[in-house]
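Undergrad: Order-wise, the sequence lines are chains A and B.
Residues 1 to 128 (this note's numbering) make up the first sequence, in order.
Residues 129 to 377 (this note's numbering) make up the second sequence, in order.
It is possible that some hints are incorrect.
[Said to hold, decoys possible] Example chain A residues on the side facing chain B (calculated, C-beta under 7 Å, incomplete): (1) T15; (2) I19; (3) T39.
[What the hints assert, rightly or not] Once the Cα atoms are required to be at most 25 Å apart in a straight line, the calculated SDA-like pairs of lysine to any residue come out as: (4) K6/A - S300/B; (5) K21/A - M292/B; (6) K108/A - S128/A; (7) K21/A - L238/B; (8) K25/A - R125/A; (9) K118/A - A100/A; (10) K116/A - A78/A; (11) K116/A - K317/B; (12) K118/A - A293/B; (13) K108/A - K317/B; (14) K90/A - L304/B; (15) K21/A - E229/B; (16) K108/A - T224/B; (17) K90/A - N278/B; (18) K90/A - Q305/B; (19) K284/B - P60/A; (20) K108/A - I214/B; (21) K21/A - L232/B; (22) K284/B - M239/B; (23) K25/A - L310/B; (24) K317/B - L238/B; (25) K25/A - N278/B; (26) K46/A - K90/A; (27) K21/A - K284/B; (28) K69/A - E26/A; (29) K116/A - Y212/B; (30) K317/B - P60/A; (31) K21/A - E295/B.
Note that these hints are calculated values from the structure, not bench results.
Built from N, CA and C at the ideal position, the CB exists for glycine as well.
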Amino acid sequence: MDRNMKILVVDDFSTMRRIIKNLLKELGFTHIEEADDGTTALPMLKQGNFDFLVTDWNMPGMTGIDLLKAVRADPALAHLPVLMVTAEAKREQIIMAAQAGVNGYVVKPFNGPTLKEKIDKIFERVQS
Amino acid sequence: MDESEKLARLAHARALLAALEVDDEAAFAVELDALAMGQRQPVFEEVGRMTREVHQALMAFATDDRLSCLAEAEMPDARDRLRYVITLTDQAANRTLALVEEALPVTDRLMDRSERLRSELAQVARTQADNSKLVTVIQGITEYLDSVLNNGGVLKTQLTEVMMAQEFQDLSGQLLQRVIVLLETLEAKMLGLLQKTHPVSAEKTEADQSAALRQGLGPAIPTGKNASVKADTVKNQDDVDDLLASLGF
Numbered sequence: 001m002d003r004n005m006k007i008l009v010v011d012d013f014s015t016m017r018r019i020i021k022n023l024l025k026e027l028g029f030t031h032i033e034e035a036d037d038g039t040t041a042l043p044m045l046k047q048g049n050f051d052f053l054v055t056d057w058n059m060p061g062m063t064g065i066d067l068l069k070a071v072r073a074d075p076a077l078a079h080l081p082v083l084m085v086t087a088e089a090k091r092e093q094i095i096m097a098a099q100a101g102v103n104g105y106v107v108k109p110f111n112g113p114t115l116k117e118k119i120d121k122i123f124e125r126v127q128s
Numbered sequence: 129m130d131e132s133e134k135l136a137r138l139a140h141a142r143a144l145l146a147a148l149e150v151d152d153e154a155a156f157a158v159e160l161d162a163l164a165m166g167q168r169q170p171v172f173e174e175v176g177r178m179t180r181e182v183h184q185a186l187m188a189f190a191t192d193d194r195l196s197c198l199a200e201a202e203m204p205d206a207r208d209r210l211r212y213v214i215t216l217t218d219q220a221a222n223r224t225l226a227l228v229e230e231a232l233p234v235t236d237r238l239m240d241r242s243e244r245l246r247s248e249l250a251q252v253a254r255t256q257a258d259n260s261k262l263v264t265v266i267q268g269i270t271e272y273l274d275s276v277l278n279n280g281g282v283l284k285t286q287l288t289e290v291m292m293a294q295e296f297q298d299l300s301g302q303l304l305q306r307v308i309v310l311l312e313t314l315e316a317k318m319l320g321l322l323q324k325t326h327p328v329s330a331e332k333t334e335a336d337q338s339a340a341l342r343q344g345l346g347p348a349i350p351t352g353k354n355a356s357v358k359a360d361t362v363k364n365q366d367d368v369d370d371l372l373a374s375l376g377f
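Work out the full structure, taking the sequences as your base and the hints as a guide.
TA: What follows is the structure, encoded as structure tokens:
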């Protein structure tokens, strides 16, 4: 896994963005940018050559699931690995995210090792 | 059903049959209506009674000052308080995160420095193996540096735990935001109902206010929309001291 890859963290709570950013830094990632909902994230993704997207679900403006759908619908972004980190915990929602093409799903509250495990898994699959 | 009503119904029923037998459409319709009327009357009466009750309940509801107080003052106040809770937890969580972000690299530097010093000393110990006094001192320092490295690792794990614990802010914030949306919906509905039934807004009475003061208002919220909150509330300890001083304390 390339530790220099560019990551976008999307969450409407600055606290959560900060936590995820710190955890990613601890895992050795250094190129991390932030957005506070799908509406701001999508143009960044379209312009920014991101390698990985970590997004919350429940956000004002554009939600994480809509962002995921928009990413999958854009030919230039369709293959971007996406990890959802969210408090939304209904089975139906997880199925919805899976059907929309999510690569991993972490339910809050979560911890560092879980995040690492999911990221490792995503990139193992992407590379194989 | 009393006897005369029964007779009247029977008469209508016979007339209905007769009209049917002779194919008299008009007479059939009239008799059918007459029969059905007996059935409909109680329903109409019931609807009328319910309408009156709803009207009376609505009027009582509208003239009850508690409703307007709830819709116009208490619900917006509750909403502002919840927003303020989100702000407070956000500030607390971000402050904690900032401190953790500062403490982690400090720990890293301590550990790096100890690691380097440890290997430098090991080299000295090798080249000065015959100086037993020096070797003993180096051994003591090395043991200390080992403990710094171990404890540094523990400290880093704990700092990460402190960071993860701040996750509560996102979760509690999301829950509070839902309650705020619920309050806003309720407030809008109640205000709509009030405007329809009771266009004049009721002022909070002085008795209500002093009762609320006795009960305690909870922490003052600086974001309160109510301007009087700012004017009649102290901002900090200096304000408290000034006020007490002005009262001769």
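Undergrad: Could you work out which of the previously given hints the structure breaks and list their numbers from low to high?
TA: Structure breaks hints 3, 4, 6, 11, 13, 17, 19, 23, 24, 26, 28 and 29.
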